[in-house]
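Add chain B to chain Z, keeping to what the hints say.
Protein chains in written order, with my numbering: chain Z, 1 to 112; chain B, 1 to 457.
I should point out that these hints are in silico values taken from the structure, not numbers from a laboratory.
Being a predicted model, the structure only gives us computed values, none of them experimental.
It is possible that some hints are incorrect.
Stated by the list, open to error - Using 30 Å as the maximum straight-line C-alpha spacing, the simulated DSBU-like pairs for lysine-lysine come out as follows:
| # | chain 1 | residue 1 | chain 2 | residue 2 |
| --- | --- | --- | --- | --- |
| 1 | Z | 34 | B | 234 |
| 2 | Z | 40 | B | 305 |
| 3 | B | 88 | Z | 34 |
| 4 | Z | 90 | Z | 60 |
| 5 | B | 88 | Z | 60 |
| 6 | Z | 34 | B | 236 |
| 7 | B | 302 | Z | 40 |
| 8 | Z | 9 | B | 236 |
| 9 | B | 234 | Z | 12 |
| 10 | Z | 40 | B | 236 |
| 11 | B | 302 | B | 206 |
| 12 | B | 305 | Z | 34 |
Spelled out from the first residue to the last, the chains are:
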Amino acid sequence: MKKVDAIVKPFKLDEVKDKLNEIGVQGITVTEVKGFGRQKGHTELYRGAEYVVDFLPKVKMEIVIADTQVDEVIDTIMKAAQTGRIGDGKIFVTNLVDVIRIRTGERGEEAI
Amino acid sequence: MIPLFNLYRELSFMKIKISGHRPTSKKSWAMIALLFLLFTLLPSLALAEEAPVLNSGDTAWMLTATALVLFMTIPGLSLFYAGMVRSKNILSVLMQCFAITSLMTILWVLYAYSIAFGGDGPYWGGLSKMFLAGVSVDTLSGTIPETVFMTFQMTFAIITPALMVGAFAERMKFSTMLVFMTIWITIVYAPVCHWVWGGGGWLGNKGILDFAGGTVVHINAGMAGLVAALLLGKRKGYPTTAMPPHNLGYTLVGASMLWVGWFGFNAGSELAADGVAGMAMAVTQVATATAALAWMAIEWVKHGKPSVLGIASGAVAGLVAITPASGAVGPMGAMAIGFASGFGCFFASTILKRALGYDDSLDVFGIHAVGGIIGAILTGVFCAESLGGAGFGGDITSIGDQLAVQFIGVGATVVYTGVVSFIILKVLDGIMGLRVTEDEEAEGLDLALHDERGYII
Numbered sequence: 001m002k003k004v005d006a007i008v009k010p011f012k013l014d015e016v017k018d019k020l021n022e023i024g025v026q027g028i029t030v031t032e033v034k035g036f037g038r039q040k041g042h043t044e045l046y047r048g049a050e051y052v053v054d055f056l057p058k059v060k061m062e063i064v065i066a067d068t069q070v071d072e073v074i075d076t077i078m079k080a081a082q083t084g085r086i087g088d089g090k091i092f093v094t095n096l097v098d099v100i101r102i103r104t105g106e107r108g109e110e111a112i
Numbered sequence: 001m002i003p004l005f006n007l008y009r010e011l012s013f014m015k016i017k018i019s020g021h022r023p024t025s026k027k028s029w030a031m032i033a034l035l036f037l038l039f040t041l042l043p044s045l046a047l048a049e050e051a052p053v054l055n056s057g058d059t060a061w062m063l064t065a066t067a068l069v070l071f072m073t074i075p076g077l078s079l080f081y082a083g084m085v086r087s088k089n090i091l092s093v094l095m096q097c098f099a100i101t102s103l104m105t106i107l108w109v110l111y112a113y114s115i116a117f118g119g120d121g122p123y124w125g126g127l128s129k130m131f132l133a134g135v136s137v138d139t140l141s142g143t144i145p146e147t148v149f150m151t152f153q154m155t156f157a158i159i160t161p162a163l164m165v166g167a168f169a170e171r172m173k174f175s176t177m178l179v180f181m182t183i184w185i186t187i188v189y190a191p192v193c194h195w196v197w198g199g200g201g202w203l204g205n206k207g208i209l210d211f212a213g214g215t216v217v218h219i220n221a222g223m224a225g226l227v228a229a230l231l232l233g234k235r236k237g238y239p240t241t242a243m244p245p246h247n248l249g250y251t252l253v254g255a256s257m258l259w260v261g262w263f264g265f266n267a268g269s270e271l272a273a274d275g276v277a278g279m280a281m282a283v284t285q286v287a288t289a290t291a292a293l294a295w296m297a298i299e300w301v302k303h304g305k306p307s308v309l310g311i312a313s314g315a316v317a318g319l320v321a322i323t324p325a326s327g328a329v330g331p332m333g334a335m336a337i338g339f340a341s342g343f344g345c346f347f348a349s350t351i352l353k354r355a356l357g358y359d360d361s362l363d364v365f366g367i368h369a370v371g372g373i374i375g376a377i378l379t380g381v382f383c384a385e386s387l388g389g390a391g392f393g394g395d396i397t398s399i400g401d402q403l404a405v406q407f408i409g410v411g412a413t414v415v416y417t418g419v420v421s422f423i424i425l426k427v428l429d430g431i432m433g434l435r436v437t438e439d440e441e442a443e444g445l446d447l448a449l450h451d452e453r454g455y456i457i
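So here's chain Z without its partners, still in its complex pose:
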């Protein structure tokens, strides 16, 4: 099993979620985060005081999938989240040790 963390631009959330639903991904966890990569921050101005704001708002999506689905999920996310401009985000893939469904106690791929 793999865990896919995708950090995308906030306005892309709905599009990515819909496309993932279409390919059969059942569950996603979403957090609002802020961060930066190579995308520069912006300046804000308050009564003559100019601040450079490095962090930009992003959305992090966490998806747990079977090994066989990883490539399809990555493809889907990339197509949906891409704008072509700096700041589109990143996808991280990690190995997952176990998954447990709380309601029934099922473990492993059955619990995804």
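Relative to the frame of chain Z, chain B by itself:
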């Protein structure tokens, strides 16, 4: 005149009845003499009936104006400031304003009203009206009940210390703040108020024009705020750490409430519902709008984009500057004052503040002191009838003389408030400390001083 005629006629009929048209006897001469005597006395009796009487129109307006000015503090000013601090300090600002409102109320009725309006001394009104002695349901102050006048003035005594909150926001101890305000209203606000508006006050006697409190409220609060900001020192991390306003929506809502409430502040200072009040309302509106656009324009040119904080600040700057002028200038003079304060306060709050490096957190000096000074000085110019104004104060006959008095008033307030506030703060610093600890400041005053969170999301 008509009552006099009727009375004369009646007395003549009396004389005819008594004497019956016979040749003028001793009795007739006595009647004629009596008539003559009464006739000479009547005019003075007629003039004596000019004692002030309760005017319900004036009273209704002043009751409303009082509510409007209280509204300016809670929640107008409270929200204006609350939105500008960091979210961890929002409650501390709201708490300070609310507590000041309550505390100043009590002190005002206990003795501060008396110091301001209780007597005729040049510098001090005395304690004859302590505990509101002599102020009853029926007592009048002009054409309104004295209770209404007292409460109206109370709302001014409330907002002046509340304005200072902006200067020491995010780092002053709540307990020390309460003690400071108690002493400050007693030996700074109430006396200065007496100098300008109290019977026999020395600045009032010189003919100063300060209709609604350019000196008494704004320069007073602005100077004391600056002194407090300097003595407390800069917030940790200022000016390199970003401390943007956490909720500019609140700030704009607060500024809007201030704008509307200021009609009570300025037009209410006429203490009557008449043409002067009407003009005060009109010039308030004109000056504020002009200043708001002026600040917006200069920011647009200088930084490339107009901002919400800028236009709100500009509006408040205009409101402050028109305050002393509102009873004396016309609409075009108001426009000039708005223009000057929009630019002047922008300069003081951005360029000057950055250059001198002090941390006047919410620009109490930059907007209230500087705006008050600009307004007080320009009042001396635009009060002239040739410039659309209502005329000079007291016995003054020229712009030059009026300006001189305005400068004296500004200077006296600046020096007195600055020096005395400094002394009070220094003493309190020694006794109980002015500033919170570094940890408390980092954690946020809401949790550190009040055990509460402003936002539980």
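Evaluated hints:
1. Straight-line distance between C-alpha atoms of residue 34 (chain Z) and residue 234 (chain B) comes to about 29 Å, which keeps the hinted pair within the 30 Å bound.
2. Straight-line distance between C-alpha atoms of residue 40 (chain Z) and residue 305 (chain B) comes to about 20 Å, which keeps the hinted pair within the 30 Å bound.
3. Pair hint residue 88 (chain B) plus residue 34 (chain Z) holds up; C-alpha atoms about 19 Å apart against a cutoff of 30 Å.
4. With a CA separation close to 10 Å, the supplied pair residue 90 (chain Z) and residue 60 (chain Z) stays within the 30 Å bound.
5. This hinted pair checks out: residue 88 (chain B) and residue 60 (chain Z) have alpha carbons roughly 26 Å apart, not beyond 30 Å.
6. A distance of roughly 24 Å separates the Cα atoms of residue 34 (chain Z) and residue 236 (chain B); the hinted pair therefore holds under the 30 Å criterion.
7. A C-alpha spacing of about 23 Å is found between residue 302 (chain B) and residue 40 (chain Z), which places the hinted pair at or below 30 Å, so the restraint holds.
8. Only pairs whose Cα atoms come within 30 Å are accepted, and residue 9 (chain Z) paired with residue 236 (chain B) is rejected, the gap being roughly 33 Å.
9. Taking the CA atoms of residue 234 (chain B) and residue 12 (chain Z), the gap is near 42 Å; set against the 30 Å cutoff, the hint is violated.
10. For the hint linking residue 40 (chain Z) to residue 236 (chain B), the alpha-carbon distance of about 27 Å falls within 30 Å, and the restraint holds.
11. About 42 Å separates the Cα atoms of residue 302 (chain B) and residue 206 (chain B), which puts this hinted pair outside 30 Å; it is violated.
12. Distance hint between residue 305 (chain B) and residue 34 (chain Z) is fulfilled; the C-alpha atoms sit about 25 Å from each other, no more than 30 Å.
Going through the hint list in order, the structure does not satisfy hints 8, 9, 11.
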